[in-house]
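Visitor: Whenever a hint applies, use it, and build me the whole structure from the sequences.
So the chains spell out like this:
2 protein chains.
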Amino acid sequence: MEKQREKEPLLGVLGGMGPEATQIFYRHLVRRTKAARDQDHIRVLIFGDATVPDRTAAILSGDEEPVRARLAEDARLLEAAGCTCLAMTCNTAHHFAPAIREAVGIPLLHMPDLTVRRAKKMGVRRLALLGTAGAMKAGVYQDICALEGVDCWVPDRETQAMLTTLIYDQIKAGQPGDETLFAKVAAAARAAGCDGAVLGCTELSVYRERHPLHRFFIDAMEVLVEACVSACGKPLTEDKP
Amino acid sequence: MEKQREKEPLLGVLGGMGPEATQIFYRHLVRRTKAARDQDHIRVLIFGDATVPDRTAAILSGDEEPVRARLAEDARLLEAAGCTCLAMTCNTAHHFAPAIREAVGIPLLHMPDLTVRRAKKMGVRRLALLGTAGAMKAGVYQDICALEGVDCWVPDRETQAMLTTLIYDQIKAGQPGDETLFAKVAAAARAAGCDGAVLGCTELSVYRERHPLHRFFIDAMEVLVEACVSACGKPLTEDKP
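Protein chains in written order, with the numbering used here: chain A, 13 to 253; chain B, 13 to 253.
Incorrect hints may have been included.
Pairs count within a copy or across copies, as identical chains cannot be separated in the list.
Taking lysine-lysine pairs in the DSBU-like style, the calculated list, with each CA pair at most 35 Å apart, reads [said to hold, decoys possible]:
id	residue 1	residue 2
1	149	46
2	196	46
3	132	196
4	132	149
The set of hints was computed from the structure by calculation and includes no laboratory data.
Guide: This is how it looks when you write it as structure tokens:
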């Protein structure tokens with residue numbers, strides 16, 4: 013009995029980046045698992061480590077080591093607690109994925125990687141990358157697009173400024189996010205010839221929670237949720253969040 | 013720096029009982045913390061251990077040891093990971109609170125205890141106890157009411173059967189819960205002379221999420237959320253969930 017449970021998957025979540033996005037991730041994890049009783053659900057250990065330093069600030073300033081060290085430490089904590097695989101509910105933080113993978117012996121379900129592959133599978137020819145200035149500077153998505161041979165578009169300076177306002181001044185501050193501002197971002201992506209756009213910041217997944225979006229937008233968090241449910245050997249519901 | 017962080021509170025959550033209730037608990041924890049950026053939030057480690065055996069089944073059958081051992085083990089895991097206090101998002105599981113308190117050296121914020129004290133402070137004279145058959149049989153709330161000198165009403169057999177249907181057949185199975193059935197439960201509580209009712213099962217807190225309720229109902233989960241935010245030294249928002 014004891015041995016059997018030890019073999020059961022336990023998903024570790026590096027979260028709290030931000031907290032609202034992490035709780036929505038958890039909501040989708042529960043909703044997308046086909047279950048009729050508590051015991052049908054995934055075992056999950058969610059580390060909402062809200063005090064991880066800001067990822068974008070670290071990347072833009074070049075002072076990356078405190079974030080890298082903290083994420084590696086948090087990953088080790090989750091592995092020591094018995095987690096069998098990891099997910100991280102922050103796209104920008106995937107810049108530090110190599111350090112996390114080096115720190116632990118369990119797999120990390122890589123959100124940007126999974127999302128670009130999904131876009132490719134969907135036949136997207138030119139993918140708009142919507143995310144933080146940190147993720148753009150670090151090339152979190154660009155590098156994977158290059159590897160996968162997916163053409164991508166990085167927001168111009170003006171569009172990126174609008175995204176920063178949406179993500180930092182509005183959504184992370186608990187506001188729903190300005191629809192007019194988001195529409196301008198979407199218009200810029202379409203004007204650049206994109207036929208798909210990744211919501212490559214979990215705060216934009218929070219935005220989507222409150223404002224249903226066209227399927228032009230691929231929600232990286234939803235792709236990650238599906239991968240987590242499958243990795244833990246559970247059936248997915250068809251019910252989209 | 014390292015030492016300072018080690019002193020920062022880390023809330024450990026014994027959750028997954030059920031998963032939906034635990035994610036709503038997390039949602040309220042985030043919403044009720046006054047914050048303008050990620051780093052203003054609580055550090056939290058949520059163990060959604062969905063495979064904890066059913067609490068009510070254990071209490072009704074008398075085969076309690078597997079649940080008791082598992083909860084003690086999960087509490088030790090959270091303490092070993094650095095948690096500084098614990099909360100448990102299942103009222104019925106508080107029957108096992110003594111074993112949890114014995115297993116660890118960190119405090120458990122006791123949901124039924126906090127809730128009965130809140131009801132007393134609100135001046136409730138006769139409190140209806142709405143929860144699982146397991147919680148009723150174990151006297152989870154009755155014992156505290158006796159200690160605090162709060163008169164309480166335990167649902168009759170017919171009303172308890174309706175609560176069991178709501179909790180197990182409907183809410184735990186992912187349904188919103190039948191309003192007519194809930195109204196019958198509420199009517200029985202009022203007919204018994206109660207001037208307040210505790211939502212003493214977190215599945216009923218899930219029900220409340222979907223059906224706004226009169227302040228006759230005291231949501232144990234909300235009381236626990238407020239205690240957690242305060243215990244971690246964070247300011248509460250006034251914004252009720």
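Visitor: Confirm or reject each hint.
Guide: Hints and how they fare:
| no. | hint | verdict |
| --- | --- | --- |
| 1 | 149 x 46 | between (38 Å within a copy, 31 Å between copies) |
| 2 | 196 x 46 | between (37 Å within a copy, 30 Å between copies) |
| 3 | 132 x 196 | within (25 Å within a copy, 53 Å between copies) |
| 4 | 132 x 149 | within (22 Å within a copy, 56 Å between copies) |
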